[in-house]
Amino acid sequence: MFGTFTKKIRAKLFCTMLLGYTGLCNAHDAGTVMDSSGTVAAFTGYALVTCFDNGNGPADHLLASVKDLSRAQDGLLVNLQIIKGNRATSTTDPVSGDANFSPEVKIHGGNGTYLLLVNKTKAGARSFAVSYHCITADNRHTGTDIEVQQFE
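For the sequence shown, our numbering assigns the number 2 to the initial residue and increments by one for each residue that follows.
The reader is advised that the hints may include incorrect statements.
[As the list claims (entries may be wrong)] Each pair of labels, with its calculated beta carbon distance range:
#1 Ala42 to Asn140: 19 to 27 Å
#2 Glu148 to Asn87: 21 to 29 Å
#3 Glu153 to Gly113: 35 to 43 Å
#4 Ile84 to Phe53: 14 to 22 Å
#5 Gly76 to Val34: 35 to 43 Å
#6 Glu105 to Asn55: 16 to 24 Å
#7 Phe152 to Thr90: 15 to 23 Å
#8 His109 to Asn55: 14 to 22 Å
#9 Arg72 to Thr114: 17 to 25 Å
#10 Gly98 to Tyr47: 21 to 29 Å
#11 Lys123 to Ala100: 21 to 29 Å
#12 Glu153 to Thr90: 18 to 26 Å
#13 Pro95 to Ala42: 30 to 38 Å
Keep in mind that the hints were calculated from the coordinates and are not lab data.
We put the CB at the ideal spot given by N, CA and C, even for glycine.
Please build the complete structure, drawing on both the sequences and the hints.
So this is what it looks like as C-alpha cells:
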C-alpha cells in the first residue's frame, strides 16, 4: 500500500515540477522540455498509463496526442507512441509552435497498463505537452493514472 501511495506522490510531484500547476496533471495533460541541452538526438520519455473503472465504467481505449510548443526548426518534430499488448500506434505534431495538438491516436486495449513514449526526430531542445485520456465504450472519461519511468 505504501508503494502505491509513493508512486502516486512521485507522479504528482513530477507533473508539478514540469508544469508548475497541479491542475493540468489532474486534467491528464502534462508537459516539459525534452533534452534541454539540445544534444541528445535519441532523447525518450517513457511512461505507463493505467486505465481503470473509476465508477464511470471500464476503459475501452487510451486516447492521446502531443503538441510541440517550441518554435519551428527544420526537421525537428515531436512524436508520441502508444503500445498495449501486441498493438501500437503513433502520431507526430506536424507543425511546431502552432498551439495545435497532433492528430489524436487511440489503442483499444480496455482496462490495464499502456506504454506511452515521447521522442523527437533529431538533436535539439523541445518544449512539448501530451494529452492522454482513458475513455469508455460510450465515450466517457474514466480512471487514468500515469507513472513516469524514464525521461532521458
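Do the hints match the structure? See the list:
A beta carbon spacing of about 38 Å between alanine 42 and asparagine 140 contradicts the range 19 to 27 Å that was offered as a hint. Checking the proposed 21 to 29 Å range against glutamate 148 and asparagine 87 shows it holds: the Cβ atoms sit about 22 Å from each other. The given range of 35 to 43 Å is broken by glutamate 153 and glycine 113, whose C-beta atoms sit roughly 26 Å from each other. Distance hint check: the CB atoms of isoleucine 84 and phenylalanine 53 are about 18 Å apart, consistent with the given range 14 to 22 Å.
A C-beta distance of roughly 19 Å is found between glycine 76 and valine 34, which places it outside the suggested range of 35 to 43 Å. Glutamate 105 and asparagine 55 have their C-beta atoms about 21 Å apart, which keeps the hinted 16 to 24 Å range intact. Distance hint for phenylalanine 152 and threonine 90: a CB-CB separation of about 21 Å, consistent with the stated range 15 to 23 Å. The supplied range of 14 to 22 Å is met by histidine 109 and asparagine 55, whose beta-carbon atoms lie about 19 Å from each other.
At about 35 Å, the beta-carbon gap between arginine 72 and threonine 114 misses the expected band of 17 to 25 Å. Range check, glycine 98 to tyrosine 47: Cβ separation about 25 Å, and the 21 to 29 Å hint holds. Here the CB-CB span from lysine 123 to alanine 100 is close to 23 Å, well matched to the stated 21 to 29 Å. About 24 Å separates the C-beta atoms of glutamate 153 and threonine 90, a value consistent with the hinted range of 18 to 26 Å.
Between proline 95 and alanine 42 the C-beta distance comes to about 19 Å, which lies outside the given range of 30 to 38 Å.
In the structure shown, a violation is registered for the earlier hints numbered 1, 3, 5, 9 and 13, in ascending order.
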